[in-house]
Amino acid sequence: MTESTEAALRAEVSAWLQANWSPDQGLVEWRKKLVDAGWGAPTWPKAWYGRDLSPALAAVVDQEIRRIGAVGVARTGIRTLAAATLLAHGSDFQKRKFLRRSLTGEDTWCQLFSEPGSGSDLAGAMTRAERKDGRWIVNGQKVWTTSAHHADWGLLLARTDMDATKHQGLSFFVIDMHQPGVEVRPLRQMNGHASFNQVFFTDAEVPEEHLVGELGGGWAVATTTLMHERRGADGVGAVGAGASTTVREGRIYDEERAEVATTMEPYKWYPQRAGRVDLVLKRAKETGKIDDPVVRQEIAKLLILARSAEWTARRARAAQALGRPQGPEGSLGKLAASHVARAAARVHTLISGADAMLSGPDGPEDGIVAEILISVPAVSIAGGTDEIQRNIIAERVLRMPKEPGSADDRPFREVPKNAVG
Amino acid sequence: MQFSFTAEQQEFRQVLRRFFEDTSTPQAVRRLMETETGWDAAAWRDLNDKLGLCGVHVPEVYGGQGFGFVELGIVLEEMGRALVCAPYFASTVLATTAILNGATEAQKQALLPPLVAGEALATLAFAEPSGRWDGAGTTVAATPAEGRFRLDGVKSFVLDGVAADLVIVLARRPGSEGEEGLSLFSVRGDAPGLTRRALKPLDPTRKIARLEFAAVEADLIGVEDGAAAPFAKTLAQAAACLASEMVGGAERLRESALDYANLRMQFGRPIASFQSMKHKQADMLLEVELAKSAAYQAAQAAAEDDAEFPALASLAKAAASEAYLQTAIHTIQIHGGIGFTWDNDTHLWFKRAKSSEVFLGDPTWHRERMLRAWGH
Chain A
0 MTESTEAALR
10 AEVSAWLQAN
20 WSPDQGLVEW
30 RKKLVDAGWG
40 APTWPKAWYG
50 RDLSPALAAV
60 VDQEIRRIGA
70 VGVARTGIRT
80 LAAATLLAHG
90 SDFQKRKFLR
100 RSLTGEDTWC
110 QLFSEPGSGS
120 DLAGAMTRAE
130 RKDGRWIVNG
140 QKVWTTSAHH
150 ADWGLLLART
160 DMDATKHQGL
170 SFFVIDMHQP
180 GVEVRPLRQM
190 NGHASFNQVF
200 FTDAEVPEEH
210 LVGELGGGWA
220 VATTTLMHER
230 RGADGVGAVG
240 AGASTTVREG
250 RIYDEERAEV
260 ATTMEPYKWY
270 PQRAGRVDLV
280 LKRAKETGKI
290 DDPVVRQEIA
300 KLLILARSAE
310 WTARRARAAQ
320 ALGRPQGPEG
330 SLGKLAASHV
340 ARAAARVHTL
350 ISGADAMLSG
360 PDGPEDGIVA
370 EILISVPAVS
380 IAGGTDEIQR
390 NIIAERVLRM
400 PKEPGSADDR
410 PFREVPKNAV
420 G
Chain B
0 MQFSFTAEQQ
10 EFRQVLRRFF
20 EDTSTPQAVR
30 RLMETETGWD
40 AAAWRDLNDK
50 LGLCGVHVPE
60 VYGGQGFGFV
70 ELGIVLEEMG
80 RALVCAPYFA
90 STVLATTAIL
100 NGATEAQKQA
110 LLPPLVAGEA
120 LATLAFAEPS
130 GRWDGAGTTV
140 AATPAEGRFR
150 LDGVKSFVLD
160 GVAADLVIVL
170 ARRPGSEGEE
180 GLSLFSVRGD
190 APGLTRRALK
200 PLDPTRKIAR
210 LEFAAVEADL
220 IGVEDGAAAP
230 FAKTLAQAAA
240 CLASEMVGGA
250 ERLRESALDY
260 ANLRMQFGRP
270 IASFQSMKHK
280 QADMLLEVEL
290 AKSAAYQAAQ
300 AAAEDDAEFP
310 ALASLAKAAA
320 SEAYLQTAIH
330 TIQIHGGIGF
340 TWDNDTHLWF
350 KRAKSSEVFL
360 GDPTWHRERM
370 LRAWGH
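Those protein sequence lines, which keep their order, are chains A and B. In terms of numbering that gives the first Met the number 0, the first sequence is numbered consecutively and its last residue is 420. In terms of numbering that gives the first Met the number 0, the second sequence is numbered consecutively and its last residue is 375.
One thing to keep in mind: the hints can contain errors.
[Said to hold, decoys possible] Computed beta-carbon distance windows for the label pairs: (1) Leu201(B) with Ile387(A): 38 to 46 Å; (2) Leu262(B) with Asp120(A): 38 to 46 Å; (3) Met189(A) with Leu201(B): 27 to 35 Å; (4) Gln8(B) with Gln319(A): 34 to 42 Å; (5) Asp151(A) with Phe266(B): 47 to 55 Å; (6) Gly335(B) with Lys416(A): 34 to 42 Å; (7) Leu214(A) with Arg268(B): 31 to 39 Å.
Honestly, the hints are just simulated from the structure, not real lab data. By construction, the Cβ of each residue, glycine as well, lies at the ideal position given by its N, Cα and C atoms.
Taking the hints into account, I'd like the entire structure generated from these sequences.
Here it is, written out as structure tokens:
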């Protein structure tokens, strides 16, 4: 980017913000202006609420918005994944219907991929969508669905052809979550929280124009969603980054805080899930374990791992920002984050000793340490297990050959499946 | 802090990679490691005539190229990758850096140009038979004698100690203790009273020597009793350089293991198609990339003389030590029986990995040093 383009852009954004920004307006009302002007998602194409800006120039827009204290578009939760997926694969009708409302925060989304019978093997989804009288009728069950209980729309991966092969029989839909055929029940986890849901479909309906991409082309669409999900799982920045953290006065800020609080509620234990490396030295000093040479070594190993993982993620981002082809470092973030979390849980146990048996107000750090210990096992599973990550790294980054027989060309009807129920 | 190399630095790396691929083949390494000095004088001259590598991090006023530790790190990463047999670590990384950190202006002007030109070879003698790497472990005594000094005692683990024309020695004032009373001295390699014995190294590509000083005449470098800080800085910078060298070697091993897994057929398919191999390769990639990130940060911090540098140097050294050795172990395992043979090249890097694991301090020592540098 040349300095003059950057300066001109900065001046343009700044002038627009001067004319339009005020904290005394409704959140949605403001975001509509922002989105329609193209400043809400400046990297997006001009035809769809954007300005075709490079990531580097979009950062300039972001800086200006922050500098004046203005509120940005809605960036929390699954809506970001929905928008990215629809931008890539959606029809013009779908883009018109969903993109703007996703950016303004009017709509909330959930992702309906995993099923009780298909976790790592997502393409083995058995939820059926059958065409009947110009509509799709959906029956089946999804699981691990964050925010399903307050979602307006769901990204649905469903089987439309039992006689096609596993991957080719899948299609991708947008489903209205507010209908009688959709039932949402919370799913309680081993750490006591219920951040996810099970979703049951009984003759739920999807209009034809909500098929995303080709009929039978659902796997390619889902892959786009997953790619965006994993990109955000490298441990740099939390889910929902971009939300304002400073407490500001005004109606619009109250509305934004309420939105973030609702969307982020299921993620409140995520810092513990990641291992809370930030607490390790403090805890070691408070307990005196910092003087134990064995504990010191383990702490040092953890800090080396955590710092190296952070730098590796930053290398990947720096290469991306420079427009350089992504090196292997870009695919390692999620696996590295698992290692960090597990190592952190081990060190927290070492530091806490017998107190690691206690939780809640009786436990160290008012129960935070206990929550770390019983939340960390999720890191190496959620969003793609470590084993699947290793397969992806081996096959896509290192170009190692696929397992013979993994390309299943039988009709899905004949593929062995888990018993349901 | 930067997280990417500039286009010029990437180009520099490519030039070096091509040069070493041509000149430092495994055959060349095998030939040189069997020789007494361990390197080839003509190739060493080439390295400097064509690439000017001995002066990479030396300011131009002393004849150097005026680059910094990021560029020096690139040189070492590429040398580690190709297992280059040369007195580079001894002369350029250890001795030249020690002179830059500790010598007076006049001494720099006198000592550096021949080293930068690659015409003279120097090394740094600091460790002793005790195996301690820090300055406080120094016992070699420096007694003032008619305006000069006399050195008595034993140094060990001295890189290229037999071949060096100039030996920079860390010694202490008799009766001093710990970090007090330390000074640097220069001694000619052929000085009377100096007995140099080549030790038999586990890694034959890196020659090490034991140096016995019996009333050897020496010249003070820098300030008397003032070597503790410049030596500690030199040690941290050398540790960061060694980390770069190690991640270069680790990456080469990882790639060779991958190539072999793709070629080797068992049970009617390439072993690379077995998930046990894929997961091992993915883990190796992760470990090597994490160690590379640490080495790059340490080099960057050295270049910027960042306050956190001593901690990051130890961090990078510990990470690289573990990653290099682990990668070497995996690489032998992936090769199976052939990996344990002399004819297979893996052991050349394995031995460098094992030797580098303890050289300049093992990972346990550096982890402790890192925590202390951070004030914990």
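Now for the hints, and whether the structure bears them out:
{"no.": "1", "hint": "Leu201(B) with Ile387(A): 38 to 46 Å", "verdict": "holds, 40 Å"}
{"no.": "2", "hint": "Leu262(B) with Asp120(A): 38 to 46 Å", "verdict": "violated, 30 Å"}
{"no.": "3", "hint": "Met189(A) with Leu201(B): 27 to 35 Å", "verdict": "violated, 48 Å"}
{"no.": "4", "hint": "Gln8(B) with Gln319(A): 34 to 42 Å", "verdict": "violated, 18 Å"}
{"no.": "5", "hint": "Asp151(A) with Phe266(B): 47 to 55 Å", "verdict": "holds, 52 Å"}
{"no.": "6", "hint": "Gly335(B) with Lys416(A): 34 to 42 Å", "verdict": "holds, 37 Å"}
{"no.": "7", "hint": "Leu214(A) with Arg268(B): 31 to 39 Å", "verdict": "holds, 35 Å"}
The earlier numbered hints that this structure contradicts are 2, 3 and 4.
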